[in-house]
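In the working numbering, the protein residues as written are 1 to 172.
These are computed hints drawn from the structure, not numbers from a lab. Keep in mind that this is a model prediction, so the values were computed, not measured. Where is the CB? At the ideal position from N, CA and C, for every residue including glycine. A hint or two may mislead.
As the list claims (entries may be wrong) - The calculated label-pair distances, taken between Cβ atoms and stated as ranges, are:
{"id": "1", "residue 1": "TRP53", "residue 2": "ASP95", "range": "17 to 25 Å"}
{"id": "2", "residue 1": "ASP95", "residue 2": "LYS47", "range": "25 to 33 Å"}
{"id": "3", "residue 1": "SER92", "residue 2": "GLU18", "range": "38 to 46 Å"}
To be verified - In silico DSS-like links for lysine-lysine, alpha-carbon gap of 30 Å or less:
{"id": "4", "residue 1": "LYS27", "residue 2": "LYS82"}
{"id": "5", "residue 1": "LYS87", "residue 2": "LYS73"}
{"id": "6", "residue 1": "LYS73", "residue 2": "LYS47"}
{"id": "7", "residue 1": "LYS27", "residue 2": "LYS87"}
{"id": "8", "residue 1": "LYS73", "residue 2": "LYS27"}
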Amino acid sequence: MRSVNSVEILGHLGRDPEVRTFPNGGKVCNLSVATSDQWRDKNSGEKRERTEWHRVSIFIDRLVEVAERNLRKGARVRLRGKLETRKWQDQSGNDRYTTEVVLRPFHGEITIIDWANDGSGGAGGSGGNQSGGAAGEPPDRRQGRPGYGGGYSGGRYGDLEDEIPFAPEVRG
Numbered sequence: 001m002r003s004v005n006s007v008e009i010l011g012h013l014g015r016d017p018e019v020r021t022f023p024n025g026g027k028v029c030n031l032s033v034a035t036s037d038q039w040r041d042k043n044s045g046e047k048r049e050r051t052e053w054h055r056v057s058i059f060i061d062r063l064v065e066v067a068e069r070n071l072r073k074g075a076r077v078r079l080r081g082k083l084e085t086r087k088w089q090d091q092s093g094n095d096r097y098t099t100e101v102v103l104r105p106f107h108g109e110i111t112i113i114d115w116a117n118d119g120s121g122g123a124g125g126s127g128g129n130q131s132g133g134a135a136g137e138p139p140d141r142r143q144g145r146p147g148y149g150g151g152y153s154g155g156r157y158g159d160l161e162d163e164i165p166f167a168p169e170v171r172g
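When you get a sec, could you build the whole thing from the sequences and use the hints?
Given below as structure tokens:
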């Protein structure tokens, strides 16, 4: 039987994207994404919440550019990728392991659901079938931006416009 390694995360960025360039010119974008579970405690009836932090690494040049230009701390995103564990050594020479969601060519996509509120407006929109940007999005980002699930609405994606004029999602 074939196995599947596929991860989908819907959460908020905990910090601005960090982009690094390799000596060969390739790039990686590292994200920290928070997801939360909420429930009511059966005994006390109190509302409880647990937040998980996920490391995300993007190795698709087009998606690195999109993340670098458009994502900020607080943005709500949906990411699809693969779960990978890598081994590395700390300063003392001890082996360490890190598990992260990795977006690689043909195995990754990003959907920006809500833009980070930078203080220039309201609280922002919420997914659904909206077209255009969220209410709290800065005007230069709001103009002609595709929304989650709403199809293409004109664009500020520049060169990406010609490559994917039909999709609110950017896939690698």
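Evaluation of the provided hints:
For TRP53 paired with ASP95, a C-beta distance near 22 Å keeps the hint of 17 to 25 Å intact. Distance hint for ASP95 and LYS47: a CB-CB separation of about 40 Å, inconsistent with the stated range 25 to 33 Å. Here the CB-CB span from SER92 to GLU18 is close to 24 Å, at odds with the stated 38 to 46 Å. Of the supplied pair hints, the one linking LYS27 and LYS82 holds, its CA atoms being roughly 18 Å apart against a limit of 30 Å.
Our distance criterion of 30 Å between C-alpha atoms is met by LYS87 and LYS73, whose separation comes to about 28 Å. Between LYS73 and LYS47 the alpha-carbon distance is near 26 Å, which keeps this suggested pair within the 30 Å criterion. Restraint check for LYS27 and LYS87: satisfied, since their Cα atoms lie roughly 20 Å apart, inside the 30 Å limit. Restraint check for LYS73 and LYS27: satisfied, since their Cα atoms lie roughly 20 Å apart, inside the 30 Å limit.
This entry does not satisfy hints 2 and 3, going by the numbered hints stated previously.
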